[in-house]
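Colleague: Here is how the chains run, residue by residue.
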Amino acid sequence: MNLFALLISALSQGMIYAPMALGVFVAFSVLNTADLTIDGSFVAGMSVCAVVAISGHPYLALLAGIAMGALAGLITGLLQTKLGINAILSGILTMTGLYTINFALLGGQSNLYLQRMEVNAAGAETQVASETVYKTFRSLMVQLTGNKRFDANLSALIVTSLIVAATVALLALFFYTRTGMAIRATGDNEEMVRSSSINADRSRILGIMLSNALVAFSGALLCEQQRYADLHFGSGMLVVGLASVIIGQVFFGQRGVTIGIISAVIGSLAYRLILQLAYKIEMPSYAVKLLSAVIVIVALTLPKLKRALSERRAAKEDVT
Amino acid sequence: MTELTLKNLRKVFERGTPNVKVALDGVSLDVERGDFITVLGSNGAGKSTLFNAILGKFRLDQGRIVLDGEDITRQRDYRRALNIGCLYQDPMRGTAPHMTIEENLALAYTRKASRSFFAVNRRDSAKFRDLLRELDLGLEDRLKTRMGLLSGGQRQAASLLMATIAEPKLLLLDEHTAALDPATAEKVLDLTKRIVAQRRLTCLMITHNMHQALEMGNRTIVMDAGKIVLDVSGEERARLTVQGLLDRFRADAGRDLDNDRMLLQA
Chain A
1 MNLFALLISA LSQGMIYAPM ALGVFVAFSV LNTADLTIDG SFVAGMSVCA
51 VVAISGHPYL ALLAGIAMGA LAGLITGLLQ TKLGINAILS GILTMTGLYT
101 INFALLGGQS NLYLQRMEVN AAGAETQVAS ETVYKTFRSL MVQLTGNKRF
151 DANLSALIVT SLIVAATVAL LALFFYTRTG MAIRATGDNE EMVRSSSINA
201 DRSRILGIML SNALVAFSGA LLCEQQRYAD LHFGSGMLVV GLASVIIGQV
251 FFGQRGVTIG IISAVIGSLA YRLILQLAYK IEMPSYAVKL LSAVIVIVAL
301 TLPKLKRALS ERRAAKEDVT
Chain B
321 MTELTLKNLR KVFERGTPNV KVALDGVSLD VERGDFITVL GSNGAGKSTL
371 FNAILGKFRL DQGRIVLDGE DITRQRDYRR ALNIGCLYQD PMRGTAPHMT
421 IEENLALAYT RKASRSFFAV NRRDSAKFRD LLRELDLGLE DRLKTRMGLL
471 SGGQRQAASL LMATIAEPKL LLLDEHTAAL DPATAEKVLD LTKRIVAQRR
521 LTCLMITHNM HQALEMGNRT IVMDAGKIVL DVSGEERARL TVQGLLDRFR
571 ADAGRDLDND RMLLQA
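Order-wise, the sequence lines are chains A and B. Start counting the first sequence at 1; every next residue gets the next number (this note's numbering). Start counting the second sequence at 321; every next residue gets the next number (this note's numbering).
To be clear, the hints were calculated from the coordinates, so they are not data collected in a lab. Among the hints, erroneous ones may be present.
What the hints assert, rightly or not - Facing chain B, a subset of chain A residues (Cβ under 10 Å, in silico):
no., residue
1, L60
2, A64
3, A67
4, D151
5, T177
6, R178
7, G187
8, V193
9, R194
10, S197
11, A200
12, D201
13, G253
14, T258
15, I259
16, Q276
A virtual CB, placed ideally from N, CA and C, is assigned to each residue, including glycine.
Modelling step: build the complete structure from the supplied sequences, incorporating the hints.
Modeller: Written out as structure tokens, the structure reads:
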């Protein structure tokens, strides 16, 4: 693969995972809650999307995926607020329960391809690929450019970028509405939200729903792009999301919510570029998870290290 | 006219354990509209517990709370907050540090705000700027500044504004100047007097400063072991000195009103 193709493929993957990074950003940074539902809701988005797409509704499939994520978030939110179960455990419980649901959605198998059986003119059964947003968009690009070999990755990058741009705009606007601001405040000082006569439980639940809807949206996009859903795709997804958010913060620092949203998307792109480079130097694909974990650990330690170094320098200057 | 009625409030914490504590032991109080009551008592007397009961932070074992004719005993805390503003000792408790002054005020103003798509809108912000100008802390030009960047005193002044901006029926002040340096505390206290007088708020204020307790407001209650042991107002209160208060307490409660902080400030 030449460098340009590598870049396109990395950016395209980065865009597909960008809503997931946004979801992690909403839960961890905005709402200040460690939500582990994410691993499960990613696959839930994938699975529901696969089922609906196979039935012939690729657009509805994306929406169904989003709705499924929101539902998963609703359950985690209710566990946290109404039953008072610790945030981390609530997420793990929902995630574990989702495994069964995802398994059932995929028809009791660990993966499901976006295709259906059709009888052709000669009377023989053949497998036909289901329509997807990516397939439709690529044929549109082929028509527009007249280039029959229009790069599938480039086409995917363009359409996903458009979708992510719209998502980013809507999300950024949302956080300045009354409801959105209440969610931000709930993550910042929940007691103050209650004393402002706002139902903080409701804000918290909405925030977790939003977060998981975004994560599931990523799962749905990936499902349509790679044309299959996989039961095990979600494991470690949270760490990937965290890595993206943290890498974004390296570029932009920790500032307002709009910058945070943009930086999560950039972080997701950067993360995929790093991965592609690692593959390029022949890192085995199973090493991805370890790499992600190491990135998160390093990124979390860096600020501390920086502070310690600058303090030591300041101490030295004091002496001289 | 009675604004707030507390009828025989009772709360026992950690019942059935060796740490069992009767926090409220049959507290009854009628608060008239426009009353400014100062609340004294040694540590653990039940002052903050009383406030938390009014705020709905826990469920009472017994008793009723009526605010402006409405029984709120079983109302959820965030619903009561519609009519009750509260300020604590810690300036950090009342504000969201990562949000701007404007956003904090807009949030506190939620229930009275102008209808708009975005939470922050021009009409409300103009009002916020006017209110901030009255504080005289230069905050009116810093609407876009993050709350976390303000000093403790500035944050407490902003919290005071937030607690009163939606015109609550009742304002509860839980030693809201105790964590500030003397000069700032003085300033926040002046602001408090001004705002309470301006809006004719009904107010309960916990303090450890006995001079302050007798000077401010129109009525003083003293709590001990979950009970109100002294309740003075009018002429009787006007004539009362700190020493007189201590004597009265000793006579009624059968022991000294002992509290290091209180003695130092007396």
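Colleague: Could you run down the list of hints and mark each one as holding or not?
Modeller: We went through each hint and held it up to the structure:
For the restraint placing L60 of chain A at the interface with chain B, the shortest Cβ-Cβ distance is roughly 28 Å, beyond the 10 Å limit, so the hint is violated. At a threshold of 10 Å, the smallest CB-CB gap from A64 of chain A to chain B is about 28 Å, leaving the interface hint violated. With a least beta-carbon distance of about 24 Å to chain B, the hint placing A67 of chain A at the interface is violated under the 10 Å criterion. With a least beta-carbon distance of about 40 Å to chain B, the hint placing D151 of chain A at the interface is violated under the 10 Å criterion.
Proximity of T177 of chain A to chain B holds as hinted, the smallest CB-CB distance being about 6 Å (cut-off 10 Å). At its closest, the beta carbon of R178 of chain A sits 4 Å from a beta carbon of chain B; the interface hint therefore holds under the 10 Å criterion. The interface hint given for G187 of chain A holds, since its Cβ lies 8 Å from the closest Cβ of chain B, which is under the 10 Å cut-off. The criterion of a C-beta within 10 Å of any C-beta in chain B is met by V193 of chain A, whose closest approach is roughly 7 Å, and the hint holds.
For R194 of chain A, the shortest C-beta to C-beta distance to chain B is roughly 5 Å, which falls under 10 Å, so the interface hint holds. With a least beta-carbon distance of about 4 Å to chain B, the hint placing S197 of chain A at the interface is held under the 10 Å criterion. The interface hint given for A200 of chain A holds, since its Cβ lies 7 Å from the closest Cβ of chain B, which is under the 10 Å cut-off. Taking 10 Å as the C-beta contact cut-off toward chain B, the hint placing D201 of chain A at the interface holds, the least distance being around 8 Å.
Against a cut-off of 10 Å between C-beta atoms, the interface hint on G253 of chain A is violated, since the closest Cβ of chain B lies about 13 Å away. The restraint placing T258 of chain A at the interface with chain B is violated, with a minimum CB-CB distance near 13 Å, outside the 10 Å limit. Violation of the interface hint for I259 of chain A is found here, the shortest Cβ-Cβ separation to chain B being roughly 12 Å, above the 10 Å cut-off. Given hint, Q276 of chain A at the interface with chain B, is violated; its Cβ is 34 Å from that chain's nearest Cβ, farther than 10 Å.
Violated hints for the displayed structure, listed by number in ascending order: 1, 2, 3, 4, 13, 14, 15 and 16.
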